[in-house]
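K.L.:
Put together the whole structure using the sequences plus the hints.
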Amino acid sequence: TGYWYPALPENYETVVIDDATYYSADAMYFQAGAKDGQEGYVVVPPPATNSAGEALAILQRTCDFLGAATSFVAEVDLDMDRYLQAGDKVTVSAKCTVRVRQPDRLAVETKGASDDRTVVYDGKNFTVQDRLAPKFTVVGAPPRLEDAIPGAKAEDNIVIPFGDLLQRDAFDTLSAAMKTAEYVGIRK
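In this text, residue positions in the sequence shown follow our numbering: the first is 1, and each later residue adds one.
Keep in mind that the hints were calculated from the coordinates and are not lab data.
Every value quoted in this text rests on a predicted model; they were computed, and no experiment measured them.
Worth double-checking, as some hints may not be accurate.
Here are the simulated EDC-like pairs of lysine to aspartate or glutamate, each with C-alpha atoms no more than 16 angstroms apart in a straight line [stated by the list, open to error]:
| no. | residue 1 | residue 2 |
| --- | --- | --- |
| 1 | Lys111 | Asp79 |
| 2 | Lys111 | Asp88 |
| 3 | Lys95 | Asp81 |
| 4 | Lys95 | Asp64 |
| 5 | Lys111 | Asp147 |
| 6 | Lys95 | Asp130 |
| 7 | Lys111 | Glu146 |
| 8 | Lys124 | Asp156 |
| 9 | Lys135 | Asp104 |
| 10 | Lys111 | Asp122 |
| 11 | Lys95 | Asp122 |
| 12 | Lys153 | Glu182 |
| 13 | Lys35 | Glu10 |
| 14 | Lys135 | Asp116 |
| 15 | Lys124 | Asp88 |
| 16 | Lys135 | Asp164 |
| 17 | Lys111 | Asp130 |
| 18 | Lys89 | Asp79 |
| 19 | Lys153 | Asp164 |
Computed beta-carbon distance windows for the label pairs [claimed, not checked]:
| no. | residue 1 | residue 2 | range |
| --- | --- | --- | --- |
| 20 | Pro6 | Ala52 | 36 to 46 angstroms |
| 21 | Asp81 | Asn125 | 24 to 34 angstroms |
| 22 | Glu10 | Pro45 | 37 to 47 angstroms |
| 23 | Gly140 | Glu10 | 45 to 55 angstroms |
| 24 | Val43 | Gly140 | 24 to 34 angstroms |
| 25 | Phe136 | Ala176 | 17 to 27 angstroms |
| 26 | Pro103 | Ala52 | 28 to 38 angstroms |
| 27 | Pro6 | Met80 | 33 to 43 angstroms |
Built from N, CA and C at the ideal position, the CB exists for glycine as well.
P.N.:
What follows is the structure, encoded as structure tokens:
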């Protein structure tokens, strides 16, 4: 720590923790600082946080916000680990747009190298169009989204990105199932 650089590495990410801005790259943290009157960046220790407490507080606020929202749109970047039959782990990425209008409307558009699908819920059915398979599926569902998501996932393997947050009693269900929680900051 304490080393000064005139510029950040090209692969840096901005991280905000407790209203302080850090720049993270190559397992190091930097903050803006000057040396001999020249602006640059100083290597600093990793920021300390109350990881578990902050993570649970953020989850609670998120569940409360989504539970009270009548409609919203979310852009989601997903990174998922998948295991091949040989046991090798592959990380796949996708971009999703999730549109919700409570209590009975949902549309999810997912696009990635291994996933190109649309899922629509209309209060009666889940309709899934998988453009890579290709296949088209319609599955009956309960009339409320919060009741429809768990059954669709369990019975029909219809995965809704962050669908767990849209279920009844989302915070209680998610926090009870947690083994650990960690807050890593806001990435920009």
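K.L.:
Hints first: check each against the structure and report whether it holds.
P.N.:
Hint by hint, here is what the structure shows:
no.: 1; hint: Lys111 x Asp79; verdict: holds, 12 angstroms
no.: 2; hint: Lys111 x Asp88; verdict: violated, 23 angstroms
no.: 3; hint: Lys95 x Asp81; verdict: holds, 15 angstroms
no.: 4; hint: Lys95 x Asp64; verdict: violated, 24 angstroms
no.: 5; hint: Lys111 x Asp147; verdict: violated, 26 angstroms
no.: 6; hint: Lys95 x Asp130; verdict: holds, 15 angstroms
no.: 7; hint: Lys111 x Glu146; verdict: violated, 24 angstroms
no.: 8; hint: Lys124 x Asp156; verdict: holds, 15 angstroms
no.: 9; hint: Lys135 x Asp104; verdict: violated, 24 angstroms
no.: 10; hint: Lys111 x Asp122; verdict: violated, 21 angstroms
no.: 11; hint: Lys95 x Asp122; verdict: violated, 22 angstroms
no.: 12; hint: Lys153 x Glu182; verdict: violated, 26 angstroms
no.: 13; hint: Lys35 x Glu10; verdict: violated, 21 angstroms
no.: 14; hint: Lys135 x Asp116; verdict: holds, 11 angstroms
no.: 15; hint: Lys124 x Asp88; verdict: violated, 39 angstroms
no.: 16; hint: Lys135 x Asp164; verdict: violated, 25 angstroms
no.: 17; hint: Lys111 x Asp130; verdict: holds, 10 angstroms
no.: 18; hint: Lys89 x Asp79; verdict: holds, 12 angstroms
no.: 19; hint: Lys153 x Asp164; verdict: holds, 10 angstroms
no.: 20; hint: Pro6 x Ala52: 36 to 46 angstroms; verdict: holds, 37 angstroms
no.: 21; hint: Asp81 x Asn125: 24 to 34 angstroms; verdict: holds, 31 angstroms
no.: 22; hint: Glu10 x Pro45: 37 to 47 angstroms; verdict: violated, 23 angstroms
no.: 23; hint: Gly140 x Glu10: 45 to 55 angstroms; verdict: holds, 51 angstroms
no.: 24; hint: Val43 x Gly140: 24 to 34 angstroms; verdict: violated, 58 angstroms
no.: 25; hint: Phe136 x Ala176: 17 to 27 angstroms; verdict: violated, 36 angstroms
no.: 26; hint: Pro103 x Ala52: 28 to 38 angstroms; verdict: holds, 33 angstroms
no.: 27; hint: Pro6 x Met80: 33 to 43 angstroms; verdict: holds, 38 angstroms
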